[in-house]
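Novice: The primary structure of each chain is shown beneath.
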Amino acid sequence: METRATRLGLSLWALLVIAFLWIPLLIMAVYAFNSSNVQSWPIPGFTTRWFAVAWHDEEVRAALGLSLRAGSAATAIALVLGSLAAFGLNRFRFFGQSAFSFLLVLPIALPGIITGMALNSFFVFWGIDLSLWTIVVGHATFCVVIVYNNVLARLRRTSGSFFEASADLGADGWQTFRYVTFPAVRTAIVAGALLAFALSFDEIVVTFFTAGSQNTLPLLIFGFIRQGQQLPVVNAIALAVILVTAIPVYVAQRLTSDIGAVARSGAAAEQSTQA
Amino acid sequence: MASDAAPLTEGSPRRGALRSLSSLAWRHPRLKALGEISPPVAAFLLVYVAALVALFVSAFWSVDPFTSEIVRSWSLDNFRTLWDDPTYRTIALRTIGIASAVTVTCVLLAFPYAYFLVRVATPRLRVALLVLTLLPLWVSYLVRVYSWRLILNEDGALNWSLAKLALPQLHIAFTNWAMWLVYTYIWFPFMVLPVYAALEKIPYSLMEASADLGARGGTTLRRVILPLAVPGIAAGSIFTFSLTLGDYIAPTLVGGPSSQLIGNVVFANVGVANNVPFAAAFAMVPLGIMALYLALMKRLGAFDNL
Numbered sequence: 001m002e003t004r005a006t007r008l009g010l011s012l013w014a015l016l017v018i019a020f021l022w023i024p025l026l027i028m029a030v031y032a033f034n035s036s037n038v039q040s041w042p043i044p045g046f047t048t049r050w051f052a053v054a055w056h057d058e059e060v061r062a063a064l065g066l067s068l069r070a071g072s073a074a075t076a077i078a079l080v081l082g083s084l085a086a087f088g089l090n091r092f093r094f095f096g097q098s099a100f101s102f103l104l105v106l107p108i109a110l111p112g113i114i115t116g117m118a119l120n121s122f123f124v125f126w127g128i129d130l131s132l133w134t135i136v137v138g139h140a141t142f143c144v145v146i147v148y149n150n151v152l153a154r155l156r157r158t159s160g161s162f163f164e165a166s167a168d169l170g171a172d173g174w175q176t177f178r179y180v181t182f183p184a185v186r187t188a189i190v191a192g193a194l195l196a197f198a199l200s201f202d203e204i205v206v207t208f209f210t211a212g213s214q215n216t217l218p219l220l221i222f223g224f225i226r227q228g229q230q231l232p233v234v235n236a237i238a239l240a241v242i243l244v245t246a247i248p249v250y251v252a253q254r255l256t257s258d259i260g261a262v263a264r265s266g267a268a269a270e271q272s273t274q275a
Numbered sequence: 001m002a003s004d005a006a007p008l009t010e011g012s013p014r015r016g017a018l019r020s021l022s023s024l025a026w027r028h029p030r031l032k033a034l035g036e037i038s039p040p041v042a043a044f045l046l047v048y049v050a051a052l053v054a055l056f057v058s059a060f061w062s063v064d065p066f067t068s069e070i071v072r073s074w075s076l077d078n079f080r081t082l083w084d085d086p087t088y089r090t091i092a093l094r095t096i097g098i099a100s101a102v103t104v105t106c107v108l109l110a111f112p113y114a115y116f117l118v119r120v121a122t123p124r125l126r127v128a129l130l131v132l133t134l135l136p137l138w139v140s141y142l143v144r145v146y147s148w149r150l151i152l153n154e155d156g157a158l159n160w161s162l163a164k165l166a167l168p169q170l171h172i173a174f175t176n177w178a179m180w181l182v183y184t185y186i187w188f189p190f191m192v193l194p195v196y197a198a199l200e201k202i203p204y205s206l207m208e209a210s211a212d213l214g215a216r217g218g219t220t221l222r223r224v225i226l227p228l229a230v231p232g233i234a235a236g237s238i239f240t241f242s243l244t245l246g247d248y249i250a251p252t253l254v255g256g257p258s259s260q261l262i263g264n265v266v267f268a269n270v271g272v273a274n275n276v277p278f279a280a281a282f283a284m285v286p287l288g289i290m291a292l293y294l295a296l297m298k299r300l301g302a303f304d305n306l
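So the sequence lines, in the order shown, correspond to chains A and B.
Position one of the first sequence corresponds to residue 1 (full-length UniProt numbering), numbered consecutively onward.
Position one of the second sequence corresponds to residue 1 (full-length UniProt numbering), numbered consecutively onward.
Just so you know, the hints here were simulated from the structure itself, not pulled from any lab data.
Incorrect hints may have been included.
[Stated by the list, open to error] With the C-beta cut set under 7 angstroms, the calculated list includes, among others, these residues of chain A facing chain B:
no., residue
1, L10
2, W13
3, L81
4, M117
5, A118
Heads up, the beta-carbon is just placed ideally off N, CA and C, and yes, glycines get one too.
Could you put together the complete structure from these sequences and hints?
Specialist: If you want it as structure tokens, here you go:
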């Protein structure tokens, strides 16, 4: 229905949008190999030495360690709470249910500064010193919803008749969970965990308010940039961080586009009865 | 059906505590759901809701100027300062202004793009472009802001390209223009998805009907497509608006001396000035704005599209 000119114009627009989204990332990637200390364009030559410098920097290693520990702990908490919430809210309607699902989304829907400031005030209120655990609590708050969304989406796609069939065949609740429910949601749980970890590894707005004087990797980079220090190292870490977060996101995407074990075997079963 | 299964398990010899608990859950699904939902509810109430309450309460406290201890007595001083001091009013208005400008720009960029994805692109191209649009969301947000600092610098890629094209140099590094550009860049994917979802839901027959009734492309766009896309645009705007209100990274990295936003005033009051009560009071401002904004967007049907 669109005229030729409209279609051409829209195609051009799409091309510009993609260029707008990706050119800055490509430029960032090129800067990581900048042989000069000066951050001007174009770079005079290529070197990989900043990756080595970054890797051997004690401060960077400590920050990386803190980020990994905080991310793992926050992911573990988010896994438990997010999966429980998804299972609990899947089939039943509760009083206050919509209020609760709204509450779960709030930490990522509200401006980050509010979540950060709220947690900071909370820790100050109770006289809790900022530590690894306050960072973990902060990250878990907004990671729960990621796991919750992934698991709930999978549960909704899984037909309730599987659980009923399992019961009809004499399975108890535990057996149904072990042989039917868990295999159905397994990949969604793993995907949720990977995304939660990627989110935690990257987060900075909330982290500042729960970290105190400690540095996660993003906080360290932020400090370096603000003070204009170690900029070549920053470029190298930035590229490394892009690649490190791309991996879990890619794997998670592969896992969720998968329909899941139960749905697949269910489709096969349906076909065999028809035949 | 559940009750049919229960006698079998009860007769089974391998009944342990876990098993009887699981049969109990199986026979009383509501009880099971309640058991599952209590830990996350409790965690959210005890930490997140409690934290929001703490934010509210500490906004009324103050800091002793001599000992820099927090004085836990109620006073409206923080809010009075925010209201009376024109600096803070300017900062709040600037923040709202930039958030609005960014939201409008994101809509203008995203609408034709989403329309292209739905109506022009082949299915394979559509998937590829959606991945290319969403992937940057997962690239470190700090890194994405920083990449613009490299580009906008006086001797960065932007001015280099302009020189090659024999165009005049731009000096937008460390200005509000830079913040506008950077925010549009980083929140753009949040706008594309809901607009795309809204446009995808519009049945093709509606556009045909519109054409059959004699409407030209522009009229169909204005009277059929746009109204149906409004909920999606509203949903996207929640993110672009809210995320800008609460950010302090872009003002710190690409903003200038006259581009303070609410976010970096709060940031400075926690980090440097050590005035948590004042920071809490100022953080209440975006909270209030978002409450109003969400109420407005709810009327536009945004929540069915999140």
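Novice: Go through the numbered hints given earlier and state which of them the structure violates, listing their numbers in rising order.
Specialist: Checked against the structure, no hint fails, so every one of them is satisfied.
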